[in-house]
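Turn these sequences into a full structure, and let the hints steer you where they fit.
For any residue, its number in our numbering is found by taking its place in the sequence shown, counting from 1, and adding 1.
What the hints contain is simulated information worked out from the structure, not anything from laboratory work. Incorrect hints may appear among the rest.
To be verified - The calculated SDA-like cross-link candidates involving lysine to any residue, where the alpha carbons are at most 20 angstroms apart (straight line), are:
1) 5 - 46
2) 5 - 56
3) 5 - 45
4) 5 - 44
5) 5 - 41
6) 5 - 34
7) 5 - 52
8) 5 - 57
9) 5 - 49
10) 5 - 55
11) 5 - 53
12) 5 - 40
13) 5 - 17
14) 5 - 54
15) 5 - 16
16) 5 - 51
17) 5 - 43
18) 5 - 15
19) 5 - 39
20) 5 - 50
21) 5 - 47
Bear in mind that the values here come from a model prediction, so they are computed numbers and not experimental data.
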Amino acid sequence: MRLKMEIIWILLGVVTYFCLVQPTNELYSSFLASFWVLLSTTGVGIFLWFFGELLRWFQPFPVPNPDHQPNQNHLLHRDLVMEGLHGSKGL
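Written out as structure tokens, the structure reads:
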């Protein structure tokens with residue numbers, strides 16, 4: 002997912018370069034503007050990645066619900082198995 006986002010930001014920078022910067026005639030201003038466009042898009046991509054990592058790192062831990070009742074099916078299964086091992090009762 003991170004690699005996808007970085008590729009999207011790089012492609013966005015390249016498209017911005019060819020749409021906005023390339024039509025200018027001066028080589029130096031074109032190079033300088035393309036450098037700033039690539040630097041800003043890469044910086045935004047790194048910021049978004051870092052922000053996502055922070056959110057993932059500081060996500061709250063799940064709190065157990067004190068009202069949760071345990072599933073009784075495993076106890077029924079245990080009783081049926083024990084009854085089968087010791088012979089059927091009541092027959």
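Flag every earlier hint the structure violates by its number, smallest first. 6
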